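Asker: Letter by letter, the chains look like this.
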Amino acid sequence: MTTTLPAYDEVVARYEPVIGLETHVELGTNTKMFCGCPTDFGGAPNTRVCPVCLGLPGSLPVANRAAVEATIRIGLALNCSIAQWCRFARKNYYYPDMPKNYQISQYDEPLCVDGYLDVEVNGEPVRISIERVHMEEDTGKTLHVGGATGRIHGATESLVDYNRAGIPLVEIVTKPIPGAGAMAPEVARAYVTELRDVLRSLGVSDVRMEEGSLRCDVNTSLNLPGEQWGTRTETKNVNSLRSVERAVRSEMIRQASVLAAGGRITQETRHFHEDTGDTTSGRSKETATDYRYFPEPDLVPIAPDPTWVAELKAALPELPRLHRRRLQQEWGLSDPDMQSILNAGAVELIEATIAAGATPTAARKWWLGELSRRANETGVELADIGATPVQVAELQGLVDAGKLTDKLARTVLEHVVAGEGSPAKIMADRKLEVVSDTGALTAAVDEAIAANPAIADKVRGGKVAAAGALVGAVMKTTRGQADAKTVRELILERLGVQG
Amino acid sequence: MTDLTSFSAAELAGLVARGESSAVEVTQAHLDRISAVDDRVHAFLHVDTEGALDAARDVDSRRAAGEPLGPLAGVPVAVKDVLTTKGVPTTAGSKILADWRPPYDSTIVRRLRAAGTVMLGKTNMDEFAMGSSTEYSAFGPTHNPWDLSRIPGGSGGGSSAALAAYETPLSIGSDTGGSIRQPGAVTGTVGVKPTYGGTSRYGLIAFSSSLDTPGPCARTVLDAALLHEVIGGHDPLDSTSIPAPVPDVVAAARLGASGDLTGVRLGVVREFAGEGAEPGVLAAFRAAVETLTKLGAEVVEVSCPHFQYALPAYYLIAPSECSSNLARFDGVRFGLRVGDDGIRSLEEVMSATREAGFGPEVKRRVMLGTYALSSGYYDAYYGQAQKVRTLISRDFTTAFDQVDALISPTTPFVAFQVGARTADPYQMYLADLFTIPSNLYGGPGISVPCGLADGLPVGLQVMAPTMADDRMYRVAAALESAVGPFTPPAL
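Residue numbers (the numbering used here), protein chains in the order written: chain A, 942 to 1440; chain B, 43 to 533.
Same shape as in the complex, but just chain B (with noise of 0.2 Å):
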């Protein structure tokens, strides 16, 4: 028998609405390999084996009962360690929160549940997000499965190392500047943000709330969508939940799967293919376009003047915000408290959980946000950067006039090893180069596998307008079907 592990999402959900496979069985095999893998790979944080093994007897006798099943039912997903799950550790990837078990489960989480999904479980990721190489997390980094001593990327390293791994077949990440799509890229998996508004951030610990978008991980483009319609569309409880159908990227994942981009036009975005990136990186990414033109897409070259300044921009808007959201975190009502001790005063309690209970990096850019918004300073950097952000969606719709959907490279380089660019935080934040022009415009981005370069993972990244999802997964999946596949070396 082939080893369930090696299943896509679609076909599991094949076998146990079939009957072919319980969900128990399924579960239990993602569980067996996590035992055996994850020693090495470090992608989970908390693994919920009595809980995914409850939901999956639950999907199994709700079957015998011949009661209607979702369409992902009896599925094992694994959830980034940013989403808060009711009564299972929720950590960010902080001391801070080492302990927290929330009272509450994300609306992601919840729906995910609905759909009779199991979750296997959490996985690592740098603290709050804060990161690109999954290096800064509290609990110790996660290995990337196709060179243990490369990183996975980041910040939803874990997510993305579970699914190169064969410890799930799906997994849910959070993309504030690309931390989705760039573990999927240098992982060789797909990573999907969607549109900004388009997946509930309710229960998603904020990192920058005007960036933070949770989406789907997956080994293949269908699997990513089917997961993007679970857990997809409008939440009351997120005010800046977009009411309206999700786009029906299922559809357009299975129309891209033909292989026929006739009468698509995809625009090269000129900045991102140029110098910056790895020339390992370039060639896969060109003989990538070569394929789109070869499979029916009209590719041009478009000009995004402003994507230059992204990268400064962010860098002022998401340490802003991350400096007010983090603020809850003083030890009061939830989480680490330290030096509670009857002689500190309030502020200094306050102060020491803090100096402990976060890492490095997330104290550098709480510094660089509270110092972006001081008075007198206000206007020069966080107002300027907004002003920055507008020009950024500008060149994305004036692209748009012209393309279906713009393309580059999803990361500069392939996957570095553990430790190389730690020391330096500029070098760390390059990795988001070409994935925070979307997070600032708002649309949707997907990384897709389109070729190896020193044998790691290359990703494309396909950007499309706000709401068009859809157009995306047409173009990954029709790239996907003409690739690969690209399957790592047995851990």
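Pulled out of the complex, with its shape left as it was, chain A reads as follows (with noise of 0.2 Å):
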């Protein structure tokens, strides 16, 4: 195909994109969708498992009044309406980590429906809409052994391990989002934080993309203005926020490219990589499978008590826009620091650290300063990197006794991050503390003065301020690790001058 790809600019200069998402929660329940086995992750490979689970013959479905639960607290944060009465559906088709080759999933009727979601892209706010919010099972994991790519064709030997299937999961479909623009790829990694922060707040799922319990799958195309919606793809193996909104984005430039070649766009899934950043084509929907939807017999269907509806809805907890709305006047901050904050995607790690003690400014002066430069220079997570919320508040303990100046401080938090333990346990092992034992330090003091006797005598003089090449020689033979102001206090007592 067309070797040089067009610029992010002029793409978005010629074409609008549409972009709908499709996300994929494993729900935090204990057990799964339909049977009593653990949901833990791990475990060797098919020992979570039963006749349920497995699909034997005879066995049936039981759902879990947990996911049914969680599913209606998710829907009510997104703002949808619970349906009265709902069914599960079968989705029919052939495949070795599909138990009974269906998956029982929702279809025409699903629990929750037509809701929203607020989110906020460079300060601006923008209303996602929800198309729906269904429960369903998960698969088994396979496992191809024997081919090149790790796909099916070519390997010799297929593996499958069935501890995943039936965990229960929960699919949340956007309506299509059009109109964002040159920010569609902000758009969708904003819909994604929030909805990750929504769902986090909720305790339904410890939404961890990187290992699959929040799956995301992005659905791009492309028209001229005026025109209707384009043939649109959908990118699959998207594995994290940042990913989220590279694949928008190089599909986009992708789409263009070939639109501007005077090709058509097929539509089909694709697959994201996380090294090139761009997307390659997986199986074509175009001879798409004819999945035989129809209401899953074996269950009966779900009809939530409205009374129940109601005191789930009560007991919502304070969802993140508003949490972070308190926060922000809790903090004292400015509508660009509380941005600031909320870009690094410290929020969180702000509000434990304070909670272990620091106050707010201290709190934002670690997270946002040192540590985001080193998590920027180092091209991870904020939260990831090394230091914990109760460390850097322990560490601003230390500051703040006087343990520790700032420049020793910074020199111990990258002890931490390295994982060398707790601050205080850092300070004490590579002697990093101030040295506050005035004994020690006068001698120190009294050996700067005999050995710069010139420099004393202008001190004795009136001439101040030429203590400080006795404050540096003092701070030289204890490494820095005096106090200069305590040092200067001493050096101006010892020669018998007011400072």
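Among the clues, some could well be false.
[Unchecked claim] Only pairs whose alpha carbons sit at most 35 Å apart, straight line, appear in this in silico DSBU-like list of lysine-lysine:
#1 B:K128 - A:K1032
#2 A:K1306 - A:K1399
#3 A:K1254 - A:K1177
#4 A:K1366 - A:K1417
#5 B:K336 - B:K137
#6 A:K1116 - B:K429
#7 A:K1348 - A:K1254
#8 A:K1366 - A:K1399
#9 A:K1032 - A:K1116
#10 A:K1082 - B:K429
#11 B:K429 - B:K405
#12 A:K1348 - A:K1426
#13 A:K1254 - A:K1344
#14 A:K1032 - B:K429
#15 A:K1032 - B:K137
#16 A:K1032 - B:K336
#17 B:K137 - A:K1082
#18 A:K1417 - A:K1399
#19 A:K1177 - A:K1032
#20 A:K1372 - A:K1344
#21 B:K405 - A:K1082
#22 A:K1404 - A:K1366
#23 A:K1417 - A:K1372
#24 A:K1306 - A:K1344
By construction, these hints were calculated from the structure, which means they are not laboratory data.
These numbers were taken from a predicted model, which means no experiment stands behind them.
Since each chain comes alone in its own frame, lean on the hints to assemble the complex.
Answerer: And the structure:
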């Protein structure tokens, strides 16, 4: 195809993007969607299975009430209507990681419909319409052995682990999002970020994109202004917030190059590649599988009691957007200051640091200053930098107690990030504590005075500013571990001069 | 001494409880009978001799220790091979499961064991319960003890033939369109389809989930009721199980046995009482209606206009659900695997396994159902059939405003010759013409012997409202007390 891709600016100058997001969330229930098997991550292959999640002949599913409750709470948090009556449906297709060769899902009768999620993109509010929130079961995991690509084609053996089969999944589908223009990638990222925060605040999932408990498929299409929406592609394997943004951008650029060359977009699934940042074609959806959906006859319909739904609604936690607004007031921050915290993804870290005893100013200083700088340099998320809010609060406590200078504290933090333990321990192990032993310090001062008689005379003669050289000498002998202010006061005292 | 195999389950339970016979003696007598006749009847696919004797010994030792025994302790039971039995082969009459030993018991089998019954083995059936003659079993047909050249009905022909051959006093069947009642009728035994949701489907290998209903089979109405009470009731492992107590079917059977039906209103289904049934069947049915009247019942004619669409609706709904239910038989996790030679792809192995493992009737229904559910045809076929299902249910509820129960012949014809209807699927499907409506509605139905036609048994069907299973037991027990007994010729 084309060898040179158009610049993003050219793409958005010419085309209008429409995006849409389908997000799968693994619920953190204790047991699976339709049986009593445990859901925790890990475990030897095929040890967390039973006749139901293996789809053995004769077995039957029974819906997990905790999963239904979690789904309703998600729907309520996303401002959806909760169906008074809904059903599961069977989605029929053959694949070895599908124990029954059909997936129990919801089709035309989802549990939650017609909601929205308000997000902010560069300080501007954007309302994302939610089409539906529905329940389904996860599939097993297939490992294809012997092929070059790890895909089924060319593999000599396929191994299947059914531990994941039947884990409750919630699928959250947005309505198409037109009109985002050049901001489409940021809108996509902001939506998934906000959604993740909402899900986390509800406590329904650990929402770890890297572990697959939050999975995102991104639909993208382009059209010329005034024309109808273009053919969309569905990009899978988008495993981080950053990737959401990159996947939209890269797919927009790719589609624009195809269209500009007179080609047409194929409706297909594409795979995003973290390393290259681009997408490659997966299976084509033009010969779409006929899933032969029909209502699941093994499960009775779900008719949530309206009183129960009302109770769940009343008990929803403060949602992230309102929570942030409250924090901003409590911390006394301006809009731009709060925005910089949001952009750095540091709200929860700062909140936790304050909870561990630091002042808002100090907490913000460490996370947005030294730690953000290091995160940027090393290309990791701030939350994964290696320092915890508790450690940061402890570090600040040592500064406040006069045991560390600011400069020493930064050195200690370096070792914290390197995983050497708590700040107090590092300070002790590496002997980084401020020298506050007056005897030792006085000795060092006397030594400096004796070694620099000319300077000492100048100071005695009233040239107090000359004392700086003596301070420098003392700091040198104490390897910077003395407090410069204290040293200076001590020198003047020993020379009988008023400071 | 009278042969222990000639007793009813109620009598055997009494013998064991009183210590007049041991459970081992009762069990051994039935195992001996199976050895003697089953090479001709072929009611069993698997006889669990050791398991049965172990269970019998357990009952005897518990009795000796003075422990309380269940109402059917020490009584043998045969289980249709469609219910999972832990460690005991379960084939559903199919080659695709020929060597499968389930790692778990179905709820019904679990309850049977808990009640102290002795499971003799697994009975023959049409493959995946699809058929009306047991000729579609992958392991050869079962023969009707009344005439070994004839079929015993189906799909549960094995469970009914075993009763008629005195190989067991009790058996379990499953009824999706008539698979308990129709074999009951043509073997001169009692077959009960309980209310859908009244007996657990957990461990019942699914044919059509919204229709499948496991139920009791016996030689007497009281025995069926005793077995019904043991296996019925709510099961949290089956979402469609009804959370309510089992209707008091035993009391109803005892009440009916008094032969008094005063105050009971019965409706003859007009659409099933005329053409469509053999003259001999109709004659026996009409005689039975007269008997019921003499017993005090008020019999009126009731019209159920949509029953005529039941058969076509059934042949869209059942195949649709089966096309999905049978998708799991792919050779990946259990059962037969064909063509796994390291060269064929996964899809080819799945395909070859299903091609080799399924018989012709199963393939026909999977294809029918796949078509009926496909995009573009769903509304015209599956969707339309569901609407018909609603109309049939309304016919029932309207009828039950006027009468306590409905009656009809169980099946249009007596047992036919082996091979007579396999060439034309539709002729085979007609066997369930009168039984299918209850499955679509979900209400209970019972077939009880009501007479003979040309020396072969005819069954009368009583249909009741959902969760009013006791009503039909009363009517059936009353009829039973006034006609018969119908005993097959000695084998």
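Asker: Broken hints, numbered, in rising order?
Answerer: 2, 5, 7, 8, 10, 13, 16, 22
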